[in-house]
Amino acid sequence: MSEAMVRCDNLVHVYGTPGAEVAALRGVDFLVREGETVALLGPSGAGKTTLLWHLAGLLQPTAGTVEVAGRRLSGLTQRELADARLRQIGVVLQNPGRNLLGYDTALGNVLFAQRPGRRSAASKRRRAMALLDSVGLAGAANRVAGRLSGGEQQRLAVAVALANSPLLLLADEPTSQLDPVSADAVLDLITQANIEAGTTVVAVTHDAAVGEALGRTVTIRDGRVGAEGRSGEDYVVVGRDGTVQLPPELLDALPPGSLARAVRHDNGVDLRRVYDPQAGPSDDADDERGR
Amino acid sequence: MTGVLTLVRALVHRLGTTVVILLVALCASAAATVGPTYYAAAKHSILQDTLSDADVIGRSFQVVQQGPVQNSLPDVATRTQHELVAAAGSPATVRRLFGPPVAAIETSAFFAAQAENPPLVARTNVCAHLHFAKGSCPTAANSVAISTSLAVGNRWTVGQQIHAAGRPPFAITGIYVPPGADDNYWLARSTSYFPAENPTRVVAPYDALFTPTTTIAALHGDPQGTVVVARPLTAGAIQPGDVATLTRIATRLTTSGLLARSQATVTTGIGNTVATVKSSWSALSVPVFVVTAELLVLTWLLLFLVVTDAVEARGTEIALAKLRGYGAGRALAFGLGEPAVLLAMALPAGALLGWLLTGGLSHVLLRHGTPVVLPGLGWLGAVVASVGGIAAIVVAARRTVTRPVVEQWRRTGRRSTDRGWAFDAVVLTGAVAGLVQLAVSGTFNSTRHSALALLVPGLLGIAIAVVASRLLPLACRATFGRTRRAGGLGPFLAVRHLARRPGGTRTTMILATAVALATFSLASWSVGSSNRSRVADLTVGAPTVFTVVPKPGVDLAKVVQHIDPNGHSVAAVENFTSSGTTLLAVQPQRFAAVANWSSSFVHDAAGLLAHLHPPAPDPILLTGDLVRLRVDVRALAPTGDELVLDVVAAGATAPTPVSLGVLHGTGSRQVTGELPGCSPCSVSDLEVSPPGGRPAQVHGQLTLSDLEVRDSSGWHPLGGAMAPGQWADAQDQRVTLTSDGAHVQWTFVAVAGAPGRIGVHDRPDPLPAVVSSKLAGSSATVGTTGLNGAGITVAVDGRAANVPGAPSTGIVVDLTYAARAAAGNLAPSTAQVWVRGPADPVRRALTADRVVVLDEQSSTRLSDEFGRQGPGLASVLFLADAGAAAILAALAAVLSLSAAARRRRYEYAALAATGATTRSLYGALAIEQLVVVGFGTVTGVLAGLLATLLAGHSVPEFVVAPAAELLRYRPDPLFLGLTLGAGFVLLVAAAAGAAAALLRSVNPEQLREAPS
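Protein chains in written order, with the working numbering: chain E, 246 to 536; chain V, 51 to 1062.
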C-alpha cells in the first residue's frame, strides 16, 4: 500500500473571537494516499474550503493535526511552510482571476510561480512553455492573463499550480464559473497531472462530474467527514466518537428526531426506526413493545 | 528580466497609484534638495552682493606707515606678504583671493606762490589708471602729471616747469582727468588724491601730483610722508569656502605684531564684511533648515499614506505570492518592489527637479551669474527623503507581509483603528510636549531667530490637525439621524463614509497640517516683505535721497524751488547726525509731500509739520565793511559802557563782537563799528557791557535807530531793523522794548556782572520740532546738536512714531530757522535732496545748478538689498514652502479619493445597479470631499494664523534687526485671503477631478467580480 500524502487527525478549526465563535471543522479524520485523487463534496459552509486551506498550510488548527507528505504542518515554521508550498503543494483557487497576476502575461504568471533555483532563465522558460503547451495555452503565452477567457484563465491557473511539479495539487472549485467544455478541459488537466506525474489531487467541488472523474469522494457535513464514495458506491463514515451522518437520501426513512434501534450484525449494525416524530411509533416499535 | 517585465507591467497596470507615488516621492526628493541647493547658491550670492556693496575699505586692506618715505616700502611690503601667507596658508591662496599689491609713496609739494600743498605721489602702475586730457604719463625722474583742476586753477600747462619749496623743478608731462572713486585700484586713497572732485564744505581741495618712484627717491632732505601697501579682494574669485580664510587674514593683519613693530597700521573692513556675510548666512540657514525639515516631515507623512495604500492594494497579489511559496524576503521584495523602484527613480529625478527649480528661483532672486550647483548636502537631502520613504514602506508593508494569507484575501483590518489612535497619540504628545517646552523656554514670539521657534508652526499645525481630524468623524456621526430622516442619498452616504472610512482622518490631518504650514509661510512672507519695504522706506526717508554739496554761493533751497516749483517732489534737507539724535532741517511742506510718511505711523504729515515755521521777522544781514547806529542815551549806569554788536560771518561757528564804541553820559550820537569781512554777516545781538569788565550791574534806557551798513557804493539803511518784534530780550533780563517802526526804546536792568543784551528775533526760540516718539518721551523739550555743531534745544511740537530718515532718533525742524539758529554755518551738516518720483532728471538738474551729487540712496534699492540678504532670501523659501505644502495637500486629497475609489467601486456599482443615479453618487462624493477639504483647510488656516501669532516675531527678517517700533506683524489680509482662496480652489478642483474619475469607472458589471 502506498504512503499517506495527506493525513488529518481529529482536525478542529474554530473561526472568530471568544464569544463569537464558529466551528468550521469539528474533528475531521481524513487520509489521502500518494497518487490518489479525492473530491471534497458537501454543502456550502460545510468546511470544505477550510479543510483545503489547512492542507495548504494556510491555517493553524484549533486542535488536531494535519500531515502532508509525512510532515506535520503545525510544527513547521512560516519559512518551512512557504517552502512546502513552493516544492510540494500546488493550489488552484476558486475564482480564476485570483490565481493570476491579471496584468502579467500567461508565460509571466507561470514564471512568477516557479521556484527560484540554479536553472537558467532559458530552462525555466522552456519548462513554462511546456506547461502552457500542456494546458493548450502555448499560443497565448504572451497574452495578458486578465484578458484571457474564464476557461483559459482556469487552465492557466492549473499550469501555474503545476509550475513546480507539486506532490499535492489542491483545487478549490476548479470548474465553477466555467462552461461545460472548459470545465472538462480543466478536469482533464487535473487527472492528466495525476496520471502522468503521479500528483495527488484533492479538489473541493460541487460539480458531480468532478466527483465522478476523481478516484474517491469525501463528503463534509457540518464540519465532519460524513460520507465517502468509492467506485460509484457511497459509504457513511463512522466518526471517532461513533457518530454517523446518514446520507440525505435516507433521511426520509430516518428523519431527524427519529428514535432508532441499533442492532449488531456480523458485519455491522442495522438501524431500525422505533419512533417517527411525524407519524408516531412504528410497527416495529409495537412489535418491540409486544415482545 | 522576467521580474523586471512583471514589475513594469504592474506599474503600468496601476498607473494612477504609480503616478501619485512618483509625484509624492518626487516632491519629497525635490523638497529635500531645494533647501540645501538654494542655500548654497544664496550663500554665494550673498557673499558676492556683500562684497560688491561693501565700501572700498570693506573689500581691501591697506598698510600705512608714516615717516620717512625713502627706502621704507620694501620692508612694509615684505612684512605684509609674510602675514598674508601665514594667515592664508599659501602664496597661491593669497594670489587667488587678492589682486596684485598696490604700493604708494606719498609726500607733498608746497607751492608758495599759490599757497597750495598738493600731495606728491608715486604709485604702482598709476599710468594704467589715469586718463590724460593732455600730454602723457610721467616716466622720468622729476616729471609729474597734474589734474585738470590744478591746471585750470593755476594755469599750468604741459611742458611747464613748476617749483615747489625744497624740491627740484618738476616738469609737467600730462594733465589727467581725475578718475571715479569706484575704481578698485585707488582703494581708500581716492579722497586723498582727488579732493577737488570729492568736495566737502571744509577742506580746500588740491589734487595729487603723480610722479615716478625715482622722483621721490631722488628728493633731498629725507622727505616725510606715507608709505602705503594695499590689496583689493578679487571678489569674483572668492567662494563661500574662503570666508574662514578671510576672517583669519583680517584678524592676522589687524593684530599683527610684525607690522606694529615697524609702526605700520592696518586699515581694513574685510573682517566686518565677512561678519556681515556670516550673519546673513546664519539668518538664511535657520529658515532653510526648518522649511526643509517641515517639508520632509510632510512628505514623509504623505509617503507613508501613499505607500500604505499601495501595499494594501497589492494585498491579494502578495497573498498569491505567499500561496506560491514565496518566503518572507521574496514576498517583501515582490510586495515592495513597485514603491521601491519608484522611490529609486524619484531620488535622482527629484534632485534634478529641485536643482532646476532652484535654478529658476536663483535666476529671479539671486545675483546675476550666481552658480547653482547641486551640493553634497542636496544629494544627502534627497537620499534622506527617499530613505524616509523606504522606512515608511517597510513600516507600511510589515503588516501586509506578515498578515496571514487568508486574512489578506478577506482584507480584514479590525485593529487598524486602535493603531491609528496610538499613532495619533504619539504625534500629538510629541507636538504638545514640543510646544510646552518652547512656551516654558520663552521662545514664543521671541525675536531670537532660533530654529526651535520656527518649529512652532509645524508642531502646532500637527497638534491641531490631529485633534481636529478626530473630531470630524464624531461630528459626522452626530448627523447620522438627521441624514437618515432627510432622505437624500448624497448626504446620507457622505457623512457615513466620513465617519467610517479609515483614510479620512489621516487625510484631514495631512491636509490641515499642510494648510497650516502654507498659511504660516504666506503670512511670514507677507509680514517680512512689508517690514523690509517699510524699514527701507523709513531708513532712507524718501524714494530717493541725494547727498549733495552745493558749490560756493549756491542756495540749495533756491535750487530745489527751481527744479520743483510746485513743491511736491523735491525737498532740501540738512542732516546733522550726532550720538543719539538726528536733526533734520527741512522745508516743512515739501518734506511732508516727499518723505516716506507711513500711514501706519502718521496720518497727516502736512498737519504735523505745519507748525514748524511760525512767522518771525527776517534776520538783519550786513554786507559791507562798516556798520553804524544812532543811539540816544536817556539813562545809563554806570557810564563808560561799551556798545557791542555781535555779528556772525557766513561759515563762522561763533559770533564776532563788533565794537560800536563807548557810551559816555546821556545824549544822542551815532556809533560806528568795523565789520569782519561780512558777505554777509547776520546780526546776533546788541550788548551794553560794563566798562573794563567790572562786575557792575548795568541798567539804562536807550533809543536805537538808523542802523546802516557801508559797502563799496556807500551807506545803506537797513529797513525793518527797528521794526516791532525785530529785537527781543536775549537773556531773560528785566527788559522793556517798544518800537514805532523807526526807533526801538530799550530799557533794561542787567544781571550783575553781565552785559545788558537784546537779541535779533529772527526765529522761534526754541525751535519747534516734530520729534520721534521714542526720543521725545513725555518731555516738552529735547536737546540736540544744531546744524553748526553747537548744542541747541528744541521744543517738542509734535511726535511721530517714526521719522523718515531717522526713525527713532529723528528731530524735524524748519530749515530756514535751523540755518538761522546755526547762524548760517551749515558746514558741519550734510546737505541732502529728497526726491519722490523720477530721480535721474533731478540729478541732472542739480548738476546743472552747480550742486555736486556725492551719493544716491534709494528706498527701493535698500529694500532690494534687504531682500537679497539672508532673511530676505529665506522668506522666498517660505513662499516655496507654501506652494509645496499646497501641492502636497492637493495630492493628499487626490490620494484619499483614489484610495476610496478602489474600495468603493464595488459598493457604488451595487448602488448603481439598484437604481442610484450618478448624480446622487456624485453628490455624495462631492459633499464628502468638500467637507474633508473645507474642514482641513479651515483648521489649517486657523492653526497657521495661531502659529503666526505665536511665532511670527521669530521669523528672521533682517541681518541687523531694526528698531522694534518699525516692525508690524499683521499679514496683509487681502494677499492672504486671495492666495489661500486660490489654494482652496485648487484643492477642490483636484478633489472634484478625482471624484469624477472615480464615478466614470463605476460599472454594474463590476459586481461579477469578487468584492475587494
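By construction, these hints were calculated from the structure, which means they are not laboratory data.
Be aware that a few hints might be false.
[As the list claims (entries may be wrong)] Quick look at which bits of chain V chain E covers, simulated, 3 or more residues with Cβ under 8 Å: (1) 57–63; (2) 975–987.
[Said to hold, decoys possible] Covered stretches of chain E (chain V as the covering partner; in silico rule of three or more C-beta atoms under 8 Å from a C-beta of chain V): (3) 297–311; (4) 455–466; (5) 516–522.
[Said to hold, decoys possible] Here are some, though not all, of the chain E residues that point toward chain V, as calculated from beta-carbon distances under 10 Å: (6) Ala249; (7) Val267; (8) Ala268; (9) Arg271; (10) Leu321; (11) Gln323; (12) Arg324; (13) Leu326; (14) Ala327; (15) Gly335; (16) Ser394; (17) Ala408; (18) Asn409; (19) Leu412; (20) Val426.
The beta-carbon is built from N, C-alpha and C at its ideal position, and this holds for glycine as well.
Taking a Cβ-to-Cβ distance below 8 Å as contact, does the region 57–63 of chain V have at least three residues touching chain E? With 4 residues closer than 8 Å to chain E, the region 57–63 of chain V meets the three-residue bar; holds.
Return the status of the interface hint for Ala327 (chain E): holds when the least beta-carbon distance to chain V is below 10 Å, violated otherwise. holds (5 Å)
Does Arg271 (chain E) pass the interface hint, meaning its C-beta sits closer than 10 Å to a C-beta of chain V? Because about 19 Å separates Arg271 (chain E) from the closest Cβ in chain V, which is outside the 10 Å limit, the hint is violated.
Does Ala268 (chain E) pass the interface check with chain V, least Cβ-Cβ distance below 10 Å? It is violated, given that the least Cβ distance between Ala268 (chain E) and chain V is near 17 Å, above 10 Å.
Let me know if the C-beta of Ala408 (chain E) comes in closer than 10 Å to any C-beta of chain V, holds or violated. holds (8 Å)
Using Cβ atoms only, decide whether Gln323 (chain E) comes closer than 10 Å to chain V, and label the hint accordingly. holds (7 Å)
Coverage of the region 975–987 of chain V by chain E, judged on three or more residues with CB within 8 Å: Answer violated; 0 residues pass the 8 Å Cβ test.
Verdict on chain V covering the region 516–522 of chain E, criterion of 3 CB contacts below 8 Å: violated (count 0)
Against chain V, run the beta carbon of Val426 (chain E) and see if the smallest gap drops under 10 Å. violated (20 Å)
Is the interface hint for Ser394 (chain E) satisfied, with its Cβ closer than 10 Å to some Cβ of chain V? Violated - the Cβ of Ser394 (chain E) stays beyond 10 Å from chain V, reaching only about 14 Å at its closest.
Would you settle whether the hint for Leu321 (chain E) is holds or violated, based on the nearest Cβ-Cβ distance to chain V being less than 10 Å? Interface hint status for Leu321 (chain E): violated (13 Å vs cutoff 10 Å).
Close enough to count: is the Cβ of Ala249 (chain E) nearer than 10 Å to one in chain V? violated (22 Å)
Of the numbered hints listed earlier, those contradicted by the structure are 2, 4, 5, 6, 7, 8, 9, 10, 16, 19, 20.
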